[in-house]
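J.: We have chain A; now place chain B onto it with these hints.
If you read the protein sequences in the order shown, they are chains A and B. Letter 116 of the first sequence, counting from 1, is numbered 116 in the UniProt record's numbering, and no numbers are missing. Letter 530 of the second sequence, counting from 1, is numbered 530 in the UniProt record's numbering, and no numbers are missing.
Derived from the structure by calculation, the hints contain no laboratory data. Here a beta-carbon is modelled for each residue, glycine too, at the ideal position from N, C-alpha and C. Warning: the hint list may mix true and false statements.
What the hints assert, rightly or not - Derived BS3-like pairs: lysine-lysine, alpha-carbon spacing no greater than 30 Å straight-line:
| id | chain 1 | residue 1 | chain 2 | residue 2 |
| --- | --- | --- | --- | --- |
| 1 | B | K167 | A | K84 |
| 2 | B | K276 | A | K69 |
| 3 | B | K517 | B | K500 |
| 4 | B | K165 | A | K84 |
Claimed, not checked - According to the in silico footprint, chain A covers these stretches of chain B (three or more CB under 8 Å from chain A):
| id | segment |
| --- | --- |
| 5 | 232–243 |
| 6 | 276–282 |
As the list claims (entries may be wrong) - Chain A is nowhere near these chain B residues, computed Cβ spacing over 12 Å in every case:
| id | residue |
| --- | --- |
| 7 | E99 |
| 8 | A109 |
| 9 | V111 |
| 10 | I254 |
| 11 | G263 |
| 12 | E308 |
| 13 | F319 |
| 14 | L369 |
| 15 | H391 |
| 16 | M400 |
| 17 | H494 |
| 18 | S505 |
| 19 | G520 |
| 20 | E529 |
Residues per chain, in single letters:
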Amino acid sequence: MPNIVRHDGTITSDDWTVVPQPAEGESLELPKGPALIPAELWLAGREHFEGNPEIGVWLDSHEEPEILKDHLDKLPIIAINFPKFADGRGYSSARLLRERFGYRGELRAIGDVLLDQLQFMKRCGFDSYALRPDKDINKAPRCLQFFTNAYQAATDNDEPLFRRRGEFPVAVAEETA
Amino acid sequence: MYVYDEHDRQILEERVAQFRDQTDRALAGELSESEFLPLRLQNGLYVQRLAPMLRICIPYGMLRSEQLRRLARITRDYDKGYAHFTTRQNVQLNWPALEDVPDILAELAEVEMHANQTSGNCIRNTTTDQFAGVQSDEITDPRPYCEIIRQWSTYHPEFAFLPRKFKVAVNASEHSDRAAIQVHDIGLQMVRNDAGELGFRVHVGGGLGRTPMVGPVIREFLPELDLLTYLEAILRVYNRYGRRDNKYKARIKILVKALTPEGFAERVEAEWSHIKDSPTRLTREAIDGMKEYFTEPDYEALEDNPTELAEARSQSKAFDNWVSRNIDQHKKPGYAIVTLTLKKTGTPPGDVSDLQLEQIAEIADRFSLGEARVTHEQNVVLADVRQDQLHELWQAIRPMGFATANLNTLTDMICCPGGDYCALANAKSIPVAESIQRRFDNLDFLYDLGNIDLNISGCMNACGHHHVGHIGVLGVDKKGEEYYQISLGGSSQHDATIGKILGPSFAREDMPEVVEKLIGVYVENRTEEEEFLDTYRRIGIAPFKERVYA
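Here chain B stands alone, though its shape is the one from the complex:
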């Protein structure tokens, strides 16, 4: 994992001092609210429905145990003792006081953390696959490139006042896309060309929100050394020509659509031709040096499926279920990737208490080299667990509430904070998630249903990624009443698709029954090997519509 050197530390300390100065001037009335707004947003601070909200950055989802412990302490000392993992691999505090924020940022800086550019019309946290570096089907570890992008985008002097927010995601897996790159402003898929050289396929102009779009490819192969100059060219074209007259039309996707992907690509290439050999061009040494921070740990020579594991699985159905569901294949024999689910019924998806943060730190130290990763599905991953220690780990995490064996099932939902917390929301989302979890509480039935992404957003800003859920739920406001619109068939994988709206929306109390009917249509129509999405794609939306609106 990346470790700060004296430059990084100094820059971050100066940033904290700067924000302290800005906050003092804001409190003294020297900065108007509209002048302070982008400054506090670019330091993660929103003013929300009930209190300020501070969004803390977790670069590409990676956390060390000391950072988890510091987050726990901050939630206890400055907040109400809990935090919320977001769908962009960040973490939010819901109740900090404005005047405490400089102190919180100083405490974060001590453990190499910050809230830089987690909000505002600037380049946001770069996200990636939570299995980066430990999966076997990966072109290369994407995290060094994410850190290179993080540094380049941090306080970039030209791109701090873009037309709108800007999100970059990187994926390196050939078969999966856990980073949902095609619904980002820039999605970078790592590839090798025919000569075996590393590079990126560049998608631009994807996104959710009011105008959901899958990002078209503007370049099939970008050599790795050209990463930053090309990003700079894209951002410059966007900064100059993106719309600024209407915030709903200001994202880069609107510009890409207006110019057509080919037209946009031409402008980028023209801009890039001027700067591709500038000092911003990466060097072999810079990339290799960065890779040094993400080298493989000293794995032991182990065998897959050790006797300890096999025995424990045969003795406990619950453990066996958890292993089948929440464990992924590690690239090294004898190791496992474990996902701790934060989707226990009755707890808002992604919420963790201060105690739980410390517990995650403790088990990361005990079982997974002291590191944890946050996923965009709002779970936490321990990436390097020995298979012969899985049973011990499972016993440790059960009382902590992280062993719900529902990963990737219907009840492992993505859900935004919704109307309970968020000032933008049209409707609550957490109670909908909970009512569906309560209806589908039979694990065997859930396993039988297989992988289903159910994503819930409380408004069309789509923080809950409803457009790309196999089943998407969107909260809408109808004359002051909260209603929920359903879409089907979305996907954020390599076959990224925006879901289709089923029809008129439903009242909250009807939602569990509606989902049950949709699931019924799937169960009755599926073939043996089909997942929900396969069946939907084969039979189309009509049978679902008929059942639900009958």
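If we strip away everything but chain A, and leave its shape as in the complex, we get:
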């Protein structure tokens, strides 16, 4: 079943499996196929995982993206977990990965990912979203583009509106019969 929304609104499915943090005393068990493993574990076993295109990492909302900054070109994908959708730390983590540390690979939102936050996530540099399965994925493309303009600069847009005023003609809505 398609479960992934991309920033351009296309809906796809892929095989990245999120591997949870193993319980105390248990070791990491890798599934078959591509896996997103806890960032701490990837760092701890870096020699082993580095360069493997089927191993990516996920960061929890309280984890600092700084821990990955020296390894970004070795990671095929980074996911950031939203344990609750109202926990907004992931937005800052995403912007830092993109804007400060220059991460260019795929950045995915996982966890409590709902429709109404998708455009904020996109603006902060996420380019794929694992929508919570009970949500209607067909509504995602619309929710990614409620707004056609924004006041601030963010990852998706270098120029805040105050630098664009007067030279940015607004698209005139098509008249409907």
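T.: Same frame as chain A, now just chain B:
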């Protein structure tokens, strides 16, 4: 005043369409209550004790007459024909229906109004001094900066899910602070440095509520062009490190205290060093362009104290009292700043009917260039009235109920809606305000008492700013009974102070007498030039305690 261009209009229309879609999905059961909650809160919609409550934004308190008329129409068509001005320069409707809210927002958008981010864990309405732009002791007009902050904070993608709500206030007066900036999450005091350049002194971590604090200074001078990047640095540090495990410890003041102001400032400066030259840095053109919206009107060359005014004052004691009390000095000769008081005994402080909203619009058009301002003390200001028209204005507003000549006196109270409306309240606040107003109904006595801030909150969330009242009243619940705790000596001015609790709380019916005793102590101890707060600061809390608990 700021006027929307096509970008602002388009963004707001898209917001209205978005909320309509969200409301439809909520009503269709596609959004759970907890999922819809922050979406409706960020569009101003609470669910309250008796009905939903819609808090409409009035950016830094400024209203045009057409907006007042639209508010009047909305209260009539969608509500019960009245509205309530809040202590954050906003306005609330107490009885809208959930399914009507998208239509209300669409009607507001037509007059460049909205309810964006008036609630929820996001950056709220930026507030400022109601005398901005018309007073003589101002560094510069703060409103262009408020509008710049408004735009930057509107739907900011990174800061829509902060640990807790976040309030910014700006002040530019050197001698007064009518915006109470030191009890805000961020308080910005406009200053000039030794080189004469404009900037801000930055206070962070002030606030009222359960843990009242005066915000410490984390930067003495922030150049004006750096305003937004610095705010972004503060917000990012807060978003990343503010507590999310306990909502009572989630405000930025707790983080500032935990890190110490110096430690917090270091983190902000470190973050800022990365982004200070980013495209978010303001440009000279952006600031100058914004200032174009707040230029001075074409004032006429007039003289102070014209004969029309002097004659009318000598002929009517009531008019003379009103001029002495409710008029402030305007920066231009021959003009006056008029405060319409919404504190008539028997009317909840800050409440206005639909008819009164239209009346304010009418007199704003007739006497004050079609603009009005809402104050955090829940009054309305007409900022540009000719002195030779003051008598005519006074005659016009007396029958409307706006001429109670009690500005800044004991009966000009700040008061939250309290237990009559608010689901959070522990106790009613409006009846307490009214009983005190009834006890102190002699104007000459009130004038003799001078300036006294009496602030009433119905619970420790402190919407009535009780901590910073010279006399603060807090409603508390004692085993299901409503009681009232008193604090003394608070101030929200440049000398911001959190009041001290007097002692055990009182029953509601005892409140007028208790206040009378406190006032008695002041009257007996004051020197000729002392206001209540001065006397309190000199003699301390003990004599007040002795009298009240004797």
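J.: If we take the beta carbon of B/S505, is the closest beta carbon in chain A still more than 12 Å away?
T.: 35 Å, holds
J.: Far enough from chain A: is every CB of that chain over 12 Å from the CB of B/E308?
T.: 44 Å, holds
J.: Does A/K69 sit within 30 Å of B/K276, going by the straight-line distance between their CA atoms?
T.: Satisfied, since the Cα-Cα distance of roughly 21 Å is no more than 30 Å.
J.: Would you check whether the claim that B/A109 is not at the interface survives, using Cβ distances to chain A and the 12 Å cut-off?
T.: Check passes; 14 Å lies beyond 12 Å.
J.: Once the closest CB in chain A is found, is it more than 12 Å from B/E529?
T.: 48 Å, holds
J.: The output says B/G520 does not contact chain A. Does that hold with a beta carbon cutoff of 12 Å?
T.: 50 Å, holds
J.: Assess, step by step, whether the Cα of B/K165 is no farther than 30 Å from the Cα of A/K84, and give holds or violated.
T.: 17 Å, holds
J.: Just double-check B/H391 for me: nearest Cβ-Cβ distance to chain A has to come out over 12 Å.
T.: 44 Å, holds
J.: Does B/E99 sit more than 12 Å from chain A, CB to CB?
T.: 18 Å, holds
J.: With d taken as the least Cβ-Cβ distance between B/F319 and chain A, does d exceed 12 Å?
T.: 46 Å, holds
J.: For B/M400, is the shortest beta carbon distance to chain A beyond 12 Å?
T.: The claim holds: B/M400 sits with its nearest Cβ about 38 Å from chain A, beyond 12 Å.
J.: With 12 Å as the threshold, tell me whether B/L369 passes as away from chain A on beta-carbon distances.
T.: Consistent with the label, B/L369 stays out of reach of chain A, its closest Cβ about 25 Å off (over 12 Å).
Consistency with the previously given hints is maintained throughout, with no hint failing.
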